[in-house]
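Trainee: Protein chains in written order, with this note's numbering: chain G, 9 to 255; chain P, 1321 to 1639.
Think of the hints as simulated: they come from the structure by calculation, not from any bench.
Here a beta-carbon is modelled for each residue, glycine too, at the ideal position from N, C-alpha and C.
Please note: incorrect hints may appear among the correct ones.
[What the hints assert, rightly or not] Cut-off 30 Å, straight-line C-alpha distance, at most; resulting in silico cross-link-like pairs (DSS-like, lysine-lysine): (1) G:Lys234 to P:Lys1346; (2) P:Lys1637 to G:Lys234; (3) P:Lys1597 to G:Lys153; (4) G:Lys24 to P:Lys1637; (5) P:Lys1637 to G:Lys253; (6) G:Lys230 to P:Lys1403.
[As the list claims (entries may be wrong)] Have a look at the derived ranges for each label pair, beta carbon to beta carbon: (7) G:Phe27 to P:Met1350: 49 to 57 Å; (8) P:Asp1493 to G:Val213: 33 to 41 Å; (9) G:Ser74 to P:Val1557: 56 to 64 Å; (10) G:Glu251 to P:Thr1332: 29 to 37 Å; (11) P:Thr1502 to G:Phe27: 40 to 48 Å; (12) P:Glu1443 to G:Gly65: 48 to 56 Å; (13) P:Gly1485 to G:Glu190: 51 to 59 Å; (14) G:Ser231 to P:Glu1482: 48 to 56 Å; (15) P:Asp1467 to G:Thr64: 34 to 42 Å.
[Said to hold, decoys possible] A short list of chain P residues far from chain G (calculated; beta carbon distances all over 10 Å): (16) Gly1331; (17) Lys1346; (18) Pro1479; (19) Pro1553; (20) His1565; (21) Glu1631; (22) Lys1635.
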Amino acid sequence: MKLLVCVSKTPETTTKITFNGDQTALDTSGVQYIMNPYDEWYALVRALELKEALGTGTVTIINVGSAANDPVIRKGLAIGADEAVRIDKEGGSSLDVAQQIAAYAKENSFDIVFFGKETIDYNGSEVGAMTAELLDMPFVSFATKLEMSGNTATIMRDIEGGEETLEVATPFALSAAKGLAEQRIPNMKGIMMAKRKPLNVVAPVDTTNHTQVLTYDLPPAKSAVKLIDPENMDELVRLLSEEAKVI
Amino acid sequence: MVLVFAESVNGTFKKAAFEAVTYGYKTAEMLGVACEAIVLGKADGAGVLGKYGAAKVHQVAADSLNQLDGQVYTAVLAAAVEKLGAKVVIMSHTSTGKSILGRLAAKLNAGSVPAANAVPTNEGGVFAVRKPVFSGKAFANIAISSDVKIISVTGNSIPPVEVAGEVAVTALDVAVPASRITVKDVSRMEGVTPLPEAELVVSAGRGMKGPENWGIIEALAEELGATTACSRPVSDVGWRPHHEHVGQTGIAIHPNLYIAAGISGAIQHLAGVNSSKTIVVINKDPEAPFFKAADYGVVGDLFDVVPRLTEAIRKHKQG
């Protein structure tokens, strides 16, 4: 089975976000980057587990970005992916990224295309659904369990206000939510092997951007916390009711 | 025309649908065009959407639309957009909306902004939408330049407003393709407001010392009519289910009131909750970083403070 895992590079989770002078771009000085946690912890690991269970198949990771993303991609190889593809294009909208991935996936026909449920920077949850549409594949969003039997997958996923179990045949795409797998820490052997695994750089296809970030801004600073006497919860309730007007 | 996909859950509408119609109505007002709504599958009393500003309500009532398949929903919505000549498409940023938004944008080759938290602006002909980014640590203002524009709306960010009366529901004739997904089982949490749309949330963390102590949190949530949540360490060790985990790698929430007991307030947790309108932090450590992000703080032992707060709310409700 050929498995494709789409991975994104995001600022590390503890990053303090600031922007450049005219508020049009992230101030990247001092920002550490990681593989988007949903892509790494759940999507990639579940793909590796499937391959291990079958004893055959390949796990390819794909990223759209510049050479600055290579360390993040190498980490995916160190965790266990067989090969990596980087489509050499920086920036672009979600639809642009989806079009780049879809163009590669169409040529190389994969059985399952994995995404994380969203990135922790743009929080769009769009690229998986977009890519699936461009590939004419069913898309199972927010998968929390995935089992294969032949070409049929049984998947549990989060739906509005509950969960659902469904069956779908390959080829299909899914987005991975918490529960699908457990994070794997790469070991020294994996890190050494990753250096010799192929990381193919592919030229992008032409696309049109329909969206553009105009400006960014930060939430207004919070005023100082009002401390309430722990013995006097009536006062807290009064403030929540009369001042904050939330109860 | 602005077309709102108003999502029905199990055949009935929830607040998210009314918020989306209000958002659509305000967007249409800003653009000087009409607002209409579309419902898919079973949707009881869809005429109610008229109250929130939908001038017409269209329904595609095929039984197969009672289960969610983003591919099928997208095909139906794309056909409706073309047939009705919609230029802006609005939906809720729910599990359902998220599985459709991107697909529809790709199918129509349209620009999209997910998780908007304010009505768009159109100054100088630039159609711009605001959304939280970096898991709530910042906001972005994004221009959409395509002919058709697609937006999903963050829950609890635009309060539903009644502006008119009910309208008639008319059947819309568009083809419904066969689904390639077979649903085997659906289980819904009855009587609980899902976290992304909850107005009141009571959350707890490692300070609880063990899962057996959660009764006081559940009692407070029940007294308030709130949804329960938890921090990541607590869901990682299995004290609480994964779907309760709020924060950067869990669910981002936007309630009116977020009460956090025994949660220190790591930056990853704050990212998921700092869009809450009012934050109350209960922690015995006065140095807990969460106090810096809180509106109200109680420095004390949560095992004393939480039951006392529950009792105070009970008294308040009795007047």
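Trainee: Does each hint fit the structure? Answer for all of them.
Mentor: Hint by hint, here is what the structure shows:
As the CA atoms of lysine 234 of chain G and lysine 1346 of chain P are separated by approximately 36 Å, the hinted pair breaks the 30 Å bound. For the proposed pair lysine 1637 of chain P and lysine 234 of chain G, the alpha carbon gap of about 23 Å is at most 30 Å, so the pair holds. The hinted pair formed by lysine 1597 of chain P and lysine 153 of chain G fails the criterion: a straight-line CA distance of about 34 Å is larger than 30 Å. As the CA atoms of lysine 24 of chain G and lysine 1637 of chain P are separated by approximately 41 Å, the hinted pair breaks the 30 Å bound.
The suggested pairing of lysine 1637 of chain P with lysine 253 of chain G holds, with an alpha-carbon distance near 14 Å, which does not exceed 30 Å. Note on lysine 230 of chain G and lysine 1403 of chain P: the hinted pairing is violated, with a Cα-Cα distance of about 47 Å set against a maximum of 30 Å. Taking the beta carbon of each, phenylalanine 27 of chain G and methionine 1350 of chain P are about 27 Å apart, not inside 49 to 57 Å as hinted. For the pair aspartate 1493 of chain P and valine 213 of chain G, the beta carbons lie near 37 Å from each other, so the given range of 33 to 41 Å is met.
With their beta carbons about 39 Å apart, serine 74 of chain G and valine 1557 of chain P fall outside the hinted range of 56 to 64 Å. The hinted range of 29 to 37 Å is satisfied by glutamate 251 of chain G and threonine 1332 of chain P, whose Cβ atoms lie roughly 35 Å apart. Between threonine 1502 of chain P and phenylalanine 27 of chain G the beta carbon distance is about 47 Å. The supplied range of 40 to 48 Å therefore holds. For glutamate 1443 of chain P paired with glycine 65 of chain G, a C-beta distance near 52 Å keeps the hint of 48 to 56 Å intact.
Evaluation of the 51 to 59 Å hint for glycine 1485 of chain P and glutamate 190 of chain G yields a pass: the beta carbon distance comes to about 53 Å. Between serine 231 of chain G and glutamate 1482 of chain P, the C-beta spacing of about 33 Å breaks the proposed range 48 to 56 Å. Separated by about 47 Å at the C-beta atoms, aspartate 1467 of chain P and threonine 64 of chain G break the suggested range of 34 to 42 Å. Look at glycine 1331 of chain P: its CB is around 13 Å from the nearest CB on chain G, clear of 10 Å, so calling it non-interface holds up.
For lysine 1346 of chain P, the requirement that its beta carbon stay farther than 10 Å from each beta carbon of chain G is met, with the minimum near 20 Å. Here proline 1479 of chain P stays apart from chain G, with its beta-carbon at least about 13 Å from theirs, past the 10 Å limit. No beta-carbon of chain G is positioned within 10 Å of the beta-carbon of proline 1553 of chain P; the least distance is around 13 Å. Here histidine 1565 of chain P does not stay apart from chain G, with its beta-carbon only about 7 Å from theirs, under the 10 Å limit.
With a closest Cβ-Cβ approach of about 7 Å to chain G, glutamate 1631 of chain P is found to fall inside the 10 Å limit, against its non-interface label. Here lysine 1635 of chain P does not stay apart from chain G, with its beta-carbon only about 7 Å from theirs, under the 10 Å limit.
Going through the hint list in order, the structure does not satisfy hints 1, 3, 4, 6, 7, 9, 14, 15, 20, 21, 22.
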